[in-house]
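Enquirer: Please construct the entire structure, taking both the sequences and the accompanying hints into account.
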Amino acid sequence: MRNEVLKLIDVTSGYSGKPIVMDVSFTVLEGEKVVVIGPNGSGKSTLLKTVLRLIEPIKGSIIFRGIDITRLPKSELPRIRVRMGYVPQEGVLFPHMKVIDNVALPLRLALGMSKAEAYKRALEYLKLFDMHELAYRYPAQLSGGQRQRVAVVRALALEPDLLLLDEPTSNLDPSSRREVVEVLYSVARMGKSMVLVTHELEIASKVSDKVIAMKSGRVVYEGPFNESIAKDVYET
Amino acid sequence: MDGDSGCKLVIDLILQYKSFLVQGALTTITITALSFSLGLLISSILTLIRFFGERVANAFTKIYIDVFRGTPLLVQLLLIYFGFPTIGINLDAFTASVIAIGLNSGAYQAEIMRTAIKGIPEDQIIVAKALGLRDRHIYLYIVMPQALRNAIPGLVNEFVTLLKESSLASVIGLAELTRVGEYMMSATFRALEAFTIVALIYLLLSYAFYFMSRSIEKRFAIPGFERWIR
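Order-wise, the sequence lines are chains A and B.
Residues are numbered in the numbering used here as their position in the first sequence, beginning at 1, plus a constant of 338.
Residues are numbered in the numbering used here as their position in the second sequence, beginning at 1, plus a constant of 9.
None of the hints are false.
Residues of chain B placed beyond 10 Å of chain A at every Cβ, according to the derived structure:
#, residue
1, L24
2, L43
3, L83
4, I98
5, F103
6, K127
7, G163
8, V180
9, G182
In silico DSBU-like pairs for lysine-lysine, Cα to Cα no more than 35 Å straight-line:
#, chain 1, residue 1, chain 2, residue 2
10, A, K356, B, K71
11, A, K397, A, K553
12, B, K227, A, K453
13, B, K127, A, K356
14, A, K436, A, K544
15, A, K458, B, K227
16, A, K548, A, K465
17, B, K127, A, K436
18, B, K227, A, K436
19, B, K127, A, K453
20, A, K412, A, K530
21, A, K553, A, K569
22, A, K544, A, K530
23, A, K412, A, K553
24, A, K465, B, K227
25, A, K397, B, K127
26, A, K412, B, K127
27, A, K412, B, K71
28, A, K530, A, K453
29, B, K127, A, K458
Read the hints as simulated data drawn from the structure, not as lab findings.
Just so you know, these numbers come straight off a predicted model, no measurement behind them.
Ideal placement from N, C-alpha and C gives every residue a C-beta, glycine not left out.
Expert: What follows is the structure, given as structure tokens:
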């Protein structure tokens, strides 16, 4: 039986005490690919940020590798977060750093690797995704798709226990989208545990071991990808 | 007085008082550089408090900024030079000027840094946290390198402002550039020529520092940050 990487138990969270995500429970097993779908405003991104405790849960428990992270003091959070590789919407990179510095920075500062080790690993991961030629460019010199791919590589280079991807294909032109989708499929084949938030049912159908459908902050379906249920979620 | 004789008078006056003018300009530049550096140190501390500090510390920074921005620099200078001796602190005119202008500039530079930090999208801070970076790392590696680049134009403006505001030190008798102009006027009774020369030197110095700032901006320019290169 596969180990549980992440377990959410009745998690409610939101902003200024106003719940956005309500009573969400699900489990991510070792190597499992969970895709969260749902219309805008359904709480998908809030859910990912809650898992990272970037948004504090109002109630419930988030168990990561057996540790209830909702009970941890804030000072302990960085060492947990670094074990969850996060890929934000629109591939937010640090614009004053070259691509390789963007990838190496968390390796040095969050994982405590030496500068030489961090840059070696950063380059290895960029090569793995055929992006080493971009290593010495600045984010402003990249396309939207390239930036998003770098953000994926930055998360993967941490060799995390769990990947959290927040709508990695949103706001991309068709060719950039294709690039990112290819990277997502490669990552999925690597056998990493992941939670992927997306609107794209095609990606959900190809990547997911399990789909979580959300509507108005609540989970309305959990199970294998099912096209008719998925489409229902998007109907008002 | 025709134009030619006016120019000749100005040139004669410059030649006659050139060593005083050079000395006055050097004093002006020294006060400016030292008070700017003091202001930078103060603003760095205020910025750190704002980033990491709790409510009480933040209230202190706000009071500091409000007091120094809400009262005239000349009054602050007079208070330090003439007022402090009554509480046992005796400062010479040069030190009093550097401290008064530096303390005042610290408040303005802190506001420049605040605006520069506000220009950094919050997404970057969220992502940095999500990647496991601690607050001190975020401040040092993400916030400050970008904020300083954003702040360069504002800081250069502040430097040039200080260059001109340092003329207030003449009031407490410091022999900086404006004071040299007063000497020249007293000795020759040629106020128009004397202060024209002084104004031209201030103008030249301002241009020189603006020109230098362009090279600083270009030196630190990276793709995506060109917006502040004029």
